[in-house]
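Engineer: Let the hints inform the model, and build the full structure from the sequences given.
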Amino acid sequence: MSSCCEKPETTVVKATLTVALAGNPNSGKTTLFNALTGLRQKVANYPGVTVEKKTGRCKLPSGQWINIIDLPGTYSLISRSPDEQVAMEVLRGLRADTPAPDAVVVVVDASNLQRNLYLVSQLIELGRPMVVALNMMDLAEQRGKPVSAEALSRELGVPVVPVVGHQRKGIEHLKQVIAQAKVAPMPDWPLPDAMKEELMLVGGGLAILHDGPEDHESKDSMPTGNGKGGLLDRYKAIAERLLIGDRAGDLLSLSQKEPVTSLLKSAAGRMGQLGIEPMQADIEAHYRWIEQVGDRALGHVDGPKVPAAPEAEVRSRSWTERIDAICIHKFWGLLIFTAIMATLFVSIFWLAQPVMDGIDGGVSWLGAQVASWLPDGPVRDLVNDGIFAGVGAVVVFVPQIALLFFFLSILEDSGYLARAAFLMDRLLAKVGLHGKSFIPLLSSFACAIPGIMATRTIESRKDRLATIFVAPFMSCSARLPVYTLLIGTFFAAYGPFKQAGIMLALYALGIVAAAGTAWVFKRSMLKGPKPAFILELPTYKMPQASQVARSVFTNTKAFLTKAGTTIFCLSVILWAMMYYPRMPKSHVEQVEQQASLHNQDVDTAIAGEQLRYSVAGRFGHLIEPAIRPLGYDWKMGVGLVGAFAAREVFVSTMGIVYSVGDVEQEATPLEDAMRADHYADGRAVWTPVVALSLLVWFVLAMQCMSTLAVVRRETGGWKWPLVMLVYMNALAYVVSLAVYQVGTRFLHG
Amino acid sequence: MRKFCTVESCNQCDDPRTCTLNRLGIGCCGQVHSVGGDMDLRRRLLEMGFCNGANVEVIRRAPLGDPIEFRLRGYHLSLRDEQARHVNILPASR
Ligand SMILES: Nc1nc2c(ncn2[C@@H]2O[C@H](COP(=O)(O)OP(=O)(O)OP(=O)(O)O)[C@@H](O)[C@H]2O)c(=O)[nH]1
Ligand SMILES: [Mg+2]
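These protein sequence lines map, in sequence, to chains A and B.
Each step along the first sequence adds one to the number in my numbering, with nothing skipped, and position 442 is 442.
Each step along the second sequence adds one to the number in my numbering, with nothing skipped, and position 26 is 1026.
Quick caveat, the hints were computed from the structure, so don't treat them as lab data.
Ideal Cβ placement from N, Cα and C applies to all residues, glycine included.
Among the clues, some could well be false.
[Said to hold, decoys possible] Short, incomplete list of chain B residues facing chain A, as computed with Cβ under 8 Å:
(1) Gly1049
(2) Cys1051
(3) Arg1060
(4) Glu1069
(5) Gly1074
(6) Tyr1075
(7) Leu1077
(8) Leu1079
(9) Glu1082
(10) Arg1085
Structural biologist: Laid out in structure tokens, this is it:
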């Protein structure tokens, strides 16, 4: 299959080889990375899944271990977005944290040969030993266009291995061939003669400059270029990069140095007079070469080539086109989009309910069992009221989390997301965002952190910032427990459909807030030119059960881990804060007297007073004046502060508050305890308006430290996370205030 | 099929007059003639394969009218109207 008859010339003898996986977005790099290393990185069917480099190890058949780097996809080595930049820098060896790769495995989507070969043509110029992994051979064959690996290998002069990544076909072969990676011979690009001459001139000039007086700086800045054909070829390759406007890190200082600048200027001037624009001429030459190579690899005989073969006429419609005819149809398209989104949220709400009730029952039962084993005292209270009430309140939401990730991963793996971005681009453009903002924003419904990471595919910095800034308004899965608890408790009379409607309205509120914010910011702080939108629409693929199962499993596990660590610790701390200090004896007696005087239940009075006496109680009362106008009491205040560690903590706080304050032996369900809570004057603590105000707070407020940390990292400073924190919380405060004040006016007189 | 094309000759195709990609009717084909726009956009369009007289077919417009879906060199991609207007096209018969 590959040309393995020749001797591997460039097998470097080194402790561990580093091999980079490069290729166009969505060509299957991560699929191959997982197959080679046994790791489980995220794979999905849209361009731009991987936005960071990831390293793993792989054992070759020879017994040698190598390091494999999975890179973000890129269409070109002249990068535009931050993720492409990472790929380019690793491949060129410009990153301090990654060794320059000893070899490159180029993943080529065989069903989309020509455009994938463009990156190959640039990687040939890069001059690193190379192997081509011809992926998606199954799709190419289905289309009746099988690519011949032998022919391609003959054309490129490097080994070519046909693989089917998701079925692990050809992986062993690929492992064997990696050791035979070769520097490809530099093709004779069909450039205009004038440009060839200029390359010679500039390349020669650079060679003279460089070989003149020892100049370390310029020596360092000329590291890449296909070095095989001799020194001059290397300089010509650098000249080519300079002339076509490549200003990557290794060329920047060189291109600004004086003799080089004028050399380039005069060369460009001379070509301009002949009507040649170097960048365009270069890309066209590459594509001309690609057209020839591609034709031969597809088994087309060399013949007089008509540039535009009338292939469109004979083409029968592919599956993807048939599905698209409905899915992005003018009328059905939007309907289907709305239906998918609505199903997503509604089903999360009620499909999960029975299982959640089951878990709830199980947790209470287990808590009661454990408690019955323990002697009376603080330990038993801790286990019962702290751990089971706190962690249990959160664990109940596992089914919802699992369902959310189930639906999301089906959407991601099918290829629909790119279509959704296509459908939504116009709407997003209205508020100054971008079709490419859609996937980050949708991911933020699961969690803002991967969503913010996914913005790396957005080229313009201002657009990227705007998307990052509004991503936390998308209701993430950590808010789901709060929404469900409050809606289920205070809007129980409304029935499942209206409840789902309230849920949808909350999600919608987040979206509206995001849109408004983006609109304002894109007109002020983030004003900029309208960015280009170029989005590839991948072929639909059947979602893989294993992929979906893995996504559900890892994310559910992450949620449970969080419940077992962060929320567990916080529950213990919160419990302690609500339990201590204990009231002195004299104080207890005083309360007893008071209670019997007013004919109240003594136990309840003591429990209430103890809660008030505790650290949390004092703290809660301290902040109560600030949240009173929003309709919240001190218990909610404690929950809101706890929610800054993780939003779910609000739910566990409620769990703890109402079971510490609960005197019954039999645990009352949290919902009932909340509904039964009253102020001293007999008013209910919780009313639907209070719940609504609280829900609005949770939709709009920035309460997630991890998100702020990621925003800091992605924006490179504290400015944006701080603006975000202040803006979102101020907005949340104002809107919740309005909801409560207006709500109470209208509903209570 | 609705026609967005404003060039009369677009679907008849015996007129070699050039038109821009955004004005090509849905379902129409054409050959890339040249690519305009600023350096950055031009580079990107060229790199995606809008060069050397490649065949482009207009598949559809998004329901809200804006991005346009094209088929080019065997794959599908979408551009906003604003980018598509920088691609000059020689309309061809279907
Ligand atoms: N039919 C088919 N599908 C494949 C093959 N290899 C990968 N896929 C699918 O192609 C899609 C993209 O795969 P990824 O591995 O995420 O692609 P990637 O190159 O890492 O993409 P980015 O990270 O976005 O650059 C997924 O849906 C895979 O399941 C293959 O050989 N045949
Ligand atoms: Mg990937």
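Engineer: Could you check the structure against the hints above and give me the numbers of any it violates, in ascending order?
Structural biologist: 10
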